[in-house]
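Please build the complete structure, drawing on both the sequences and the hints.
Going down the list, the protein sequences come from chains A and B. Under my numbering, the first residue of the first sequence is numbered 1, with each subsequent residue one higher. Under my numbering, the first residue of the second sequence is numbered 1, with each subsequent residue one higher.
For the record, the hints were derived by calculation from the structure and aren't laboratory data. Careful: at least some of the hints might be erroneous.
Unchecked claim - Below, computed lysine to aspartate or glutamate pairings styled on DMTMM-like, alpha-carbon distance capped at 20 Å:
{"#": "1", "chain 1": "B", "residue 1": "K39", "chain 2": "A", "residue 2": "D46"}
{"#": "2", "chain 1": "B", "residue 1": "K39", "chain 2": "A", "residue 2": "E42"}
{"#": "3", "chain 1": "B", "residue 1": "K205", "chain 2": "A", "residue 2": "D5"}
{"#": "4", "chain 1": "B", "residue 1": "K39", "chain 2": "A", "residue 2": "D45"}
Stated by the list, open to error - Some but not every residue of chain B turned toward chain A, in silico, with C-beta under 10 Å:
{"#": "5", "residue": "L224"}
{"#": "6", "residue": "W253"}
{"#": "7", "residue": "G269"}
{"#": "8", "residue": "S277"}
Since the model is a prediction, treat every value here as computed from it, not as a measurement. All C-beta atoms, glycine included, are put in the ideal place defined by N, C-alpha and C.
If you want the building blocks of each chain, they are given just below.
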Amino acid sequence: MSARDEILARIGRAVAGAQDVEIPRGYRTTQQVEDLVGLFAERVDDYRAIVHVLPAAEVPAKIDEIVAGRRMIRPGGDGWEDLNTADGVVTSCAVAIAETGTIVLDHGPGQGTRAQTLVPDYHLCVVRADQIVSGVPEAIARLDPARPLTWISGPSATSDIELNRVEGVHGPRTLEVIIST
Amino acid sequence: MSATFLGMPGNFPKNAEKAVQNSQLRFNLRKATHTIRGKRASVVGELPDWQELRAAGKAIKDHTLRNLDRYLVQMEEAVTRAGGTVHWARDAAEANRIVADLVKATGETEVVKVKSMATQEINLNDALAAEGITAYETDLAELIVQLGDDFPSHILVPAIHRNRSEIREIFLEKMPKVPDNLTDDPPALAEAARLHLRERFLKSKVAISGANFMVAETGTLVVLESEGNGRMCLTLPRTLISVVGIEKLLPSWRDLEVFLQLLPRSSTGERMNPYTSMWTGAVEGQDFHLVLLDNGRTDVLADEVGRQALRCIRCSACLNVCPVYERAGGHAYGSVYPGPIGAILTPQLRGMGSDLDASLPYASSLCGACYEVCPVAIDIPEVLVDLRAKAPHAAAERAGMKVAGWIFNDHTRLAKAQRVATRLRKLVPKRLPGPLSAWTDTRDIPDIPEESFRDWWERNERA
Chain A
1 MSARDEILAR IGRAVAGAQD VEIPRGYRTT QQVEDLVGLF AERVDDYRAI
51 VHVLPAAEVP AKIDEIVAGR RMIRPGGDGW EDLNTADGVV TSCAVAIAET
101 GTIVLDHGPG QGTRAQTLVP DYHLCVVRAD QIVSGVPEAI ARLDPARPLT
151 WISGPSATSD IELNRVEGVH GPRTLEVIIS T
Chain B
1 MSATFLGMPG NFPKNAEKAV QNSQLRFNLR KATHTIRGKR ASVVGELPDW
51 QELRAAGKAI KDHTLRNLDR YLVQMEEAVT RAGGTVHWAR DAAEANRIVA
101 DLVKATGETE VVKVKSMATQ EINLNDALAA EGITAYETDL AELIVQLGDD
151 FPSHILVPAI HRNRSEIREI FLEKMPKVPD NLTDDPPALA EAARLHLRER
201 FLKSKVAISG ANFMVAETGT LVVLESEGNG RMCLTLPRTL ISVVGIEKLL
251 PSWRDLEVFL QLLPRSSTGE RMNPYTSMWT GAVEGQDFHL VLLDNGRTDV
301 LADEVGRQAL RCIRCSACLN VCPVYERAGG HAYGSVYPGP IGAILTPQLR
351 GMGSDLDASL PYASSLCGAC YEVCPVAIDI PEVLVDLRAK APHAAAERAG
401 MKVAGWIFND HTRLAKAQRV ATRLRKLVPK RLPGPLSAWT DTRDIPDIPE
451 ESFRDWWERN ERA
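This is the structure:
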């Protein structure tokens, strides 16, 4: 018997006669949040990332100001290409979660490949206000599982030394977020 | 190469006795477990629907386990459709064989690894080494353990037993090109690890990972991490091999909305861990292989009481609140799964044939703190008690329990026995002789009263 058939047969024997289980979903699937932008900004800031909240019209100038003099990867546009010598990367995102201060990339247009937002030491991410949802369930509902997804909550960190949080190990050590309103 | 737990001698009481004499270890453990316990409590307290999430998490896992065969087949179909290859492994040897052959087929002799409990459980690194393949751990704590030729002692923070100055010593001794003036400041130590691994990430062609979750409906694998070493391994190499226990399955994409709230808050005490990667099949030109691992899980599934251990999402909250773990440390459990969850999982996965494994169900005071914090409501005390009944017992203990059962079964027998005991009370020694001494080595014999309560009642109330 193949390993596959044997494992499946063993499972069948192990659970024979067991009752099935209903799944209660009494948890919140959405929340009333007065100020989504404010809550998201506060929660991102808690991870010691840099946060700006700006009207949409002022965003391009702010990006130019931040990236000036840096070798930046700009997915879908002109910019530095070599991952290893780039100073940073600037992307958009797919969804953002206010309650947890999380940005989700689905690596669609403007979001680059997974490596482009990983290898450089600095990540600037532009989040549109209408991309912010209140909690995790709404984000899951908006995302497409067929795409590769990267959920980012603050800069790279470790708590492996005496459980003290240290920002910056292998991923970008600096995360900067512009919320465009 | 880090050391292996297989065939570890001793038993829990002996290992624990040694460990509690190490005051540095106790200090490190107390500091670390109390820090994370506080963080967990505060972020769990932020969610008004925590108990509802916990109930959903429990039910989703139970439903999955009940229908595991069907969902595994669905997972296989979804991964295959998305360009991945699925392999099935009955046990550790078969899984190791599959992984070694896949690595050899690439022509590579070095692989990078994401922290994974499943690959530790099957002792993959040693199996690969025997085939001439070097596996490099990339998680900071795993790196500390591997460089120190040490055992992991915590599910989430394998080097929890090491403090910063011990870590500095290990780096200075074992890490090539580390600066001599390395301090024991945690950011400096993290920077050293970053430099040490960067080149390796960029040139590695093969990576091996586990997964926190896999979704049957979509074929998606999910890895939660903090440092970015996981993203490096999952993203950069040409070939990715994921070894995943069959119980890691979730039926639907939607179920992630529950577990992505339960796991980070229970585990690191954060609202969300820094990085979560999700991928479905072969992505961005990668070769993807999924190895589905049984290795004793179907035996656990067959046990009506014990099967709830398969709900475990490896958050380690139960370790951080356990008074026994806090004092004995992870090594005393002699397994990659220490603490309360290890005390019920290890004897079920490995059987209770060895002294060590038979002693694990006793590595608990049954205080129940582990059950309280468990995000999928595993009733660890219930399983511990059930396993104690199943563990092998000494002939003297079995005979004693038989006699006690016979006496307690009939009130006239009990009354007679109590009167005999009262008369002989002056003769009872402080410690019992022969094989019975095992009982009194760790307990005082309770004082026998001059008169039993039954007799006192008879004399006072009936009159």
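Here is what the structure says about each hint:
no.: 1; hint: B:K39 x A:D46; result: holds, 14 Å
no.: 2; hint: B:K39 x A:E42; result: holds, 18 Å
no.: 3; hint: B:K205 x A:D5; result: violated, 32 Å
no.: 4; hint: B:K39 x A:D45; result: holds, 18 Å
no.: 5; hint: L224; result: holds, 9 Å
no.: 6; hint: W253; result: holds, 5 Å
no.: 7; hint: G269; result: holds, 9 Å
no.: 8; hint: S277; result: holds, 6 Å
Going down the numbered hints, you'll see the structure goes against just number 3.
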